[in-house]
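> Each chain, written out:
2 protein chains.
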Amino acid sequence: MCAWKKPVRGAFAELTKQHSDKLQSLLSHSRSKASTAADVLETYNRDWMRQVHGNSRLLISPATTSEMASILAYCNEHRLAVCPQGGNTGLVFGSTPVHDEVIVSTARMNNAPEIHPTTMSTTTEAGVILQVLQQDAKAQGLLVPLDMGSKGSCFIGGALSTNAGGIHFARYGSMRSNCLGLEVVTPQGQILDLMSSLRKDNAGYDLKQLFVGSEGTLGIITKAEVKLFPYPKSSQVVLLHVSNFSEVLRTFSCATRTLSECLSAFEVMDAESLLCSGLADYPFEHIKGSFTILVETHGADHEHDFAKLGNFVQACEDEKINVLAQVLSQSEQQTRKLWSLREELPVKLAQAGTIYKFDVSFPLPQFYDVVEHIRGVARNGSGKFQLPEDEVAIVGYGHFGDGNVHLNIIDRTRGKHTADLKEILYPGAYEFTAKARRGSVSAEHGIGLQKKEYMSLSRSPEVIEVMRQLKKMMDPNGILNPYKVL
Amino acid sequence: MCAWKKPVRGAFAELTKQHSDKLQSLLSHSRSKASTAADVLETYNRDWMRQVHGNSRLLISPATTSEMASILAYCNEHRLAVCPQGGNTGLVFGSTPVHDEVIVSTARMNNAPEIHPTTMSTTTEAGVILQVLQQDAKAQGLLVPLDMGSKGSCFIGGALSTNAGGIHFARYGSMRSNCLGLEVVTPQGQILDLMSSLRKDNAGYDLKQLFVGSEGTLGIITKAEVKLFPYPKSSQVVLLHVSNFSEVLRTFSCATRTLSECLSAFEVMDAESLLCSGLADYPFEHIKGSFTILVETHGADHEHDFAKLGNFVQACEDEKINVLAQVLSQSEQQTRKLWSLREELPVKLAQAGTIYKFDVSFPLPQFYDVVEHIRGVARNGSGKFQLPEDEVAIVGYGHFGDGNVHLNIIDRTRGKHTADLKEILYPGAYEFTAKARRGSVSAEHGIGLQKKEYMSLSRSPEVIEVMRQLKKMMDPNGILNPYKVL
Chain C
1 MCAWKKPVRG AFAELTKQHS DKLQSLLSHS RSKASTAADV LETYNRDWMR QVHGNSRLLI
61 SPATTSEMAS ILAYCNEHRL AVCPQGGNTG LVFGSTPVHD EVIVSTARMN NAPEIHPTTM
121 STTTEAGVIL QVLQQDAKAQ GLLVPLDMGS KGSCFIGGAL STNAGGIHFA RYGSMRSNCL
181 GLEVVTPQGQ ILDLMSSLRK DNAGYDLKQL FVGSEGTLGI ITKAEVKLFP YPKSSQVVLL
241 HVSNFSEVLR TFSCATRTLS ECLSAFEVMD AESLLCSGLA DYPFEHIKGS FTILVETHGA
301 DHEHDFAKLG NFVQACEDEK INVLAQVLSQ SEQQTRKLWS LREELPVKLA QAGTIYKFDV
361 SFPLPQFYDV VEHIRGVARN GSGKFQLPED EVAIVGYGHF GDGNVHLNII DRTRGKHTAD
421 LKEILYPGAY EFTAKARRGS VSAEHGIGLQ KKEYMSLSRS PEVIEVMRQL KKMMDPNGIL
481 NPYKVL
Chain H
1 MCAWKKPVRG AFAELTKQHS DKLQSLLSHS RSKASTAADV LETYNRDWMR QVHGNSRLLI
61 SPATTSEMAS ILAYCNEHRL AVCPQGGNTG LVFGSTPVHD EVIVSTARMN NAPEIHPTTM
121 STTTEAGVIL QVLQQDAKAQ GLLVPLDMGS KGSCFIGGAL STNAGGIHFA RYGSMRSNCL
181 GLEVVTPQGQ ILDLMSSLRK DNAGYDLKQL FVGSEGTLGI ITKAEVKLFP YPKSSQVVLL
241 HVSNFSEVLR TFSCATRTLS ECLSAFEVMD AESLLCSGLA DYPFEHIKGS FTILVETHGA
301 DHEHDFAKLG NFVQACEDEK INVLAQVLSQ SEQQTRKLWS LREELPVKLA QAGTIYKFDV
361 SFPLPQFYDV VEHIRGVARN GSGKFQLPED EVAIVGYGHF GDGNVHLNII DRTRGKHTAD
421 LKEILYPGAY EFTAKARRGS VSAEHGIGLQ KKEYMSLSRS PEVIEVMRQL KKMMDPNGIL
481 NPYKVL
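Chains as they are written, first to last, in full-length UniProt numbering: chain C, 1 to 486; chain H, 1 to 486.
Treat the hints with care, since some could be wrong.
Copies of the same chain look alike in the list, so a pair counts if it fits in one copy or across any two.
[As the list claims (entries may be wrong)] Straight-line C-alpha distance at most 27 angstroms; calculated DSS-like pairs for lysine-lysine:
id: 1; residue 1: K452; residue 2: K422
id: 2; residue 1: K357; residue 2: K233
id: 3; residue 1: K138; residue 2: K320
id: 4; residue 1: K6; residue 2: K416
id: 5; residue 1: K17; residue 2: K337
id: 6; residue 1: K320; residue 2: K233
id: 7; residue 1: K288; residue 2: K471
id: 8; residue 1: K151; residue 2: K471
I should point out that these hints are in silico values taken from the structure, not numbers from a laboratory. In this text, all values refer to a predicted model and were calculated from it rather than measured experimentally.
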C-alpha cells in the first residue's frame with residue numbers, strides 16, 4: 001500500500017491501428033514479439049505490487065538494437081509515449097505504464113551472456129535475467145556483484161537503469177560502479193555505443209553515467225559490459241542476537257576492523273520484524289528491542305575466513321558487546337537456512353497484513369531513527385494517534401552496511417487503520433528521513449512514479465532544475481517513461 | 001614532449017583593470033588571495049611538464065564557496081574565460097590557461113578535512129592536498145582509496161575532476177566510485193549542493209557524476225564527501241621477474257585466484273623501462289624481453305596475507321610459470337625500496353632524454369601490444385624508420401590490473417629524432433590504441449588540451465555530440481575551462 005496520485009495524461013498522440021501495425025512491422029527478427037491481446041498485456045500493465053494498472057494496448061519486444069532504434073524513432077516522430085520495461089520487478093512503479101504508453105520490453109534481448117574470464121567481465125543483453133547471468137558466471141568461477149531477492153525475474157537492463165543495490169553492495173559496489181560499458185538507444189532512436197571492457201577510461205565525459213539509475217527516462221539500455229569478481233572459495237555466515245541498536249553499531253565497527261576485506265554482508269533485522277513475520281526457523285528467543293545481525297564473509301581461503309570470524313567474535317566479547325546469543329553456520333545447508341530468515345522477510349511481512357514499505361537510507365548511526373520516530377507518532381507520541389501494537393506492526397530491517405533501512409508498517413487488520421496510517425506516513429516518514437536526518441527518500445529502489453512528489457525533500461530546487469534540463473536535452477518530446485522520476 | 005596545437009582564442013572579453021579590481025573586491029575572507037604579479041602568476045601559467053604556457057594576468061583564490069560563486073557569476077556575466085586550477089599536476093594540460101583566462105584556484109579552500117570514522121568517509125574541501133588527507137585519515141585508522149605519485153601536491157578537487165586512478169584503483173575503485181557527495185559551483189555561479197555521506201542514494205539522476213571526470217568544464221568542485229576504508233593492518237610486497245608477457249598474464253590470473261580479496265596492486269614494468277631508468281637498486285639480472293611484476297597485498301591479518309602470498313608463489317610454480325627470480329619483502333624498509341622501483345620510474349625516464357608519454361588502456365591480453373607495435377614501426381618494421389635502440393628507448397609499464405599501460409618513448413639524443421618520432425607517434429600510437437585494439441586514448445589522465453584531437457578515435461560522433469550538448473546546457477557561454485576536452 002502506498003500513497004500516490006495518478007498523473008494527468010500528457011499531450012501524447014493516441015495509438016491508432018495504423019501506428020500499431022507500423023510498429024509491429026518494424027520487427028523482422030524471428031525472436032521479436034508483439035502483442036495487442038488484452039490477456040497478454042494484463043501482466044505487463046500492472047506493477048509487481050499490483051497497485052498501479054496502466055492501459056497500454058501494445059506490447060512490443062524487439063530482439064535487436066536496431067529494431068529498438070526504429071521503434072523509438074517512430075514513437076518520437078509520432079509523439080507516442082513509451083514505457084520501457086525490464087523484468088517489471090521494481091517497487092516504485094517505474095516500469096509500469098500509467099496511461100496508454102506503448103510498452104517496449106527488453107525481454108527478447110536475452111541472448112546467452114558472454115563471460116570473459118580474462119577481463120573478468122560479461123557482455124550481456126538487457127533482457128538477461130540476473131540469476132541466469134549469475135549461473136553462467138559461476139560456471140566459470142566468477143561472481144556477479146549484484147544479488148537480491150528478485151534475481152529469478154529481474155533483468156540486467158533494469159538493474160542498471162535503477163542502479164540496483166542488494167545484499168552485496170557494501171562489498172562489491174553499486175551497479176553504477178560495476179558497469180564498464182553500455183549500449184543505449186536514445187528517445188530519438190539513435191544508438192549510443194558506450195560499450196567497453198576497459199577498467200580505466202577517461203576519454204571525455206562518462207556518458208554511461210547518465211543512463212545508470214535514470215530509470216529509463218533518458219534512454220533505453222540494450223546491452224552492457226559488467227564487472228565480475230572471483231567466485232569466493234569460502235563463504236561463512238554468523239547470526240548474532242544483540243540487545244539493542246547501539247550494540248548493532250558497535251558490532252559493525254568490530255566487523256569492519258576484524259573481518260575487513262572479507263566482510264561481504266551485514267544485514268540487520270529488528271525484533272518486531274522477526275516477530276511479525278512469524279518465521280519458524282528463528283533460532284533465538286524473541287526479546288523486545290533486540291536486533292538480529294547476519295554477518296557474511298566471502299574469501300579465498302576457508303581457514304583464514306574462519307579464523308577472522310573467530311577474531312570478530314572475540315573482539316565483540318573483549319569490547320563487552322551485549323551479544324545475547326550467536327549461531328555460526330556449520331554447513332552450506334545451515335547457511336541457506338540462516339540467509340532465508342532475511343530473504344523471506346519481505347514476503348512474510350507482506351502476508352501478515354496490508355503493508356506500507358519505505359526504502360530509505362541514513363548515515364549509519366541514524367539507521368534506525370525513522371523506525372522509532374514513526375513508532376513514536378503512531379503509539380500516541382504525538383497525542384493524536386493510538387495504533388495498538390497487536391494491530392499495527394512498525395518494523396525495520398535492511399542492509400546496515402549501506403545505511404539502507406526498509407521501514408515496513410503492517411496493518412494486520414487489513415484496512416481499519418488506513419486513514420491514520422496515510423496521515424502519519426505521507427509525507428511524515430519521508431520528511432523525517434530527509435529533513436530531520438538528512439537521509440535519502442530513495443536508497444535503492446529509485447523514484448519511479450511512487451516517490452515523485454517526495455524527491456524534492458532530498459534534492460534542492462536547483463538540483464531538480466538541472467535534472468529537468470537533462471531530461472529536456474535527451475528527450476525533448478518527453479516520450480520516454482513519462483510521469484516517472486520528474 | 002608531445003604534439004598539440006595552440007587553439008585560437010575564443011570570443012571572450014578582455015580582462016580590463018575594472019574587471020580585475022571588481023573580481024578582487026569579491027574576496028572578503030581573510031584567507032582568500034588574488035594576484036596580478038607576473039612572477040606570482042608564472043608558476044600558475046605553466047603546466048607541470050612545462051610544455052604549455054598561458055598568459056593569464058589574474059590569479060584568484062577564493063576561500064569560500066560563496067566567493068567562488070560570485071566570481072563565476074561575474075565572469076559569466078562579463079564573458080570572461082576561466083581556467084579552474086587545483087594542484088596543477090595534470091599531464092594533459094587540463095589545468096593551465098591557454099590564453100588569458102582568469103585562473104581560479106581552489107588552493108585556499110583547504111580547511112582541515114573532517115574524518116568521520118562511523119560513516120567511514122571524509123568531508124574535504126577541494127584544495128586539500130591528497131597526502132594531507134591520507135595522513136589525517138591514517139591517524140584515525142582509515143585509508144584514502146587514492147594513491148599516486150603526485151600525492152604531495154595534487155588536490156582532492158582535481159583528483160575528482162579528473163577521476164584520478166593511481167596504484168590502488170583495482171582494489172579500492174575509481175574516485176568516481178568513491179565519491180559520495182559533491183558541492184559544485186556552476187559557470188553561472190549557482191551552488192549545487194550534492195553533498196551526502198550516504199552509501200546508497202537513488203533519489204533521481206545522480207548529478208555528481210556530471211562533474212567527476214569532466215575536468216572542470218561543467219562546474220568547479222568546491223567540496224566533497226569521499227569514502228574511506230579500514231587502514232590495512234598488513235601490507236606485503238613481492239617482486240617477480242618473469243620471462244615474457246604471456247607469463248605476466250598467467251601470473252595475474254594466479255594472483256586474482258590465490259590473493260583474491262587481499263590483492264591491492266599488480267604493477268608491471270618491462271625490461272626496457274628498467275634498463276633505461278638506470279635504477280641502482282634493481283635486484284634482478286637485466287634480461288631482454290623480461291617483465292618485472294610488483295604484487296602488493298592489503299589485509300587485516302599479517303599471517304593470512306603471508307600464507308596467501310605463499311599460495312600465490314606455489315600456484316605460479318605449480319602452473320610452471322617461468323618465474324626467473326623473486327623477492328619477498330621482509331621489512332617495511334624493503335617494501336619501500338621495492339615500491340620505489342616503480343614510483344621513481346617516471347622521473348628517471350624523463351631524466352634519460354626527451355620523453356613522449358602515452359597513458360592508454362586496453363583489455364588485459366592486449367596490454368603490451370601498443371609498445372610492441374610502436375617498437376615495430378620505429379625499428380624498421382615499416383621499412384621507413386630506423387631508430388637505433390641505444391638512441392631511442394621504447395618502453396612500457398603501468399597498472400596491469402586496470403589494463404592501464406604507460407607507453408614512454410625516450411629520445412636519448414634529446415632532439416635528433418624529433419621529426420621521425422612525431423610522425424610515428426601522432427596519431428599512430430592513439431590510432432593503434434583505439435582502432436586496432438579498442439583501447440582508450442586516455443586511461444587515467446583525461447583529455448585536457450593534449451588529447452582533444454584524439455578523443456574521436458575512442459568516441460563516436462554521436463557520443464561526442466551528446467558531450468557537446470551537455471557542455472552547452474551547463475555552460476552556454478563556454479567560459480569554463482575553454483579549449484579543453486571538447
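> Have a look at K288 and K471 and pick one of within, between, both or neither, based on CA distance no larger than 27 angstroms.
The answer is neither: 48 angstroms in one copy and 56 angstroms across copies each exceed 27 angstroms.
> At most 27 angstroms between CA atoms: does that hold for K357 and K233 within a copy, between copies, both, or neither?
Answer is neither; intra-copy 36 angstroms and inter-copy 41 angstroms both fail.
> Classify it for me, K17 with K337: is the Cα-Cα distance of at most 27 angstroms met within a copy, between copies, both or neither?
Neither, since 53 angstroms and 75 angstroms both go past 27 angstroms.
> Using 27 angstroms as the alpha carbon limit, work out where K6 and K416 are close: within a copy, between copies, both or neither.
For K6 and K416, the Cα distance is within 27 angstroms only inside one copy (24 angstroms; across copies 74 angstroms).
> State whether the alpha carbon distance between K320 and K233 is at most 27 angstroms within one copy, between copies, both, or neither.
Between copies only: 23 angstroms across chains, 32 angstroms inside a chain, cut-off 27 angstroms.
> Check K452 against K422 for me: Cα-Cα at most 27 angstroms, and say if that holds within a copy, between copies, both or neither.
Within one copy, since 17 angstroms is at most 27 angstroms while 55 angstroms is not.
> For K151 vs K471, is the C-alpha pair at or below 27 angstroms within one copy, between two copies, both, or neither?
neither (30 angstroms within a copy, 38 angstroms between copies)
> Classify it for me, K138 with K320: is the Cα-Cα distance of at most 27 angstroms met within a copy, between copies, both or neither?
between (40 angstroms within a copy, 26 angstroms between copies)
Of the numbered hints stated above, those contradicted by the structure are hints 2, 5, 7, 8, listed in ascending order.
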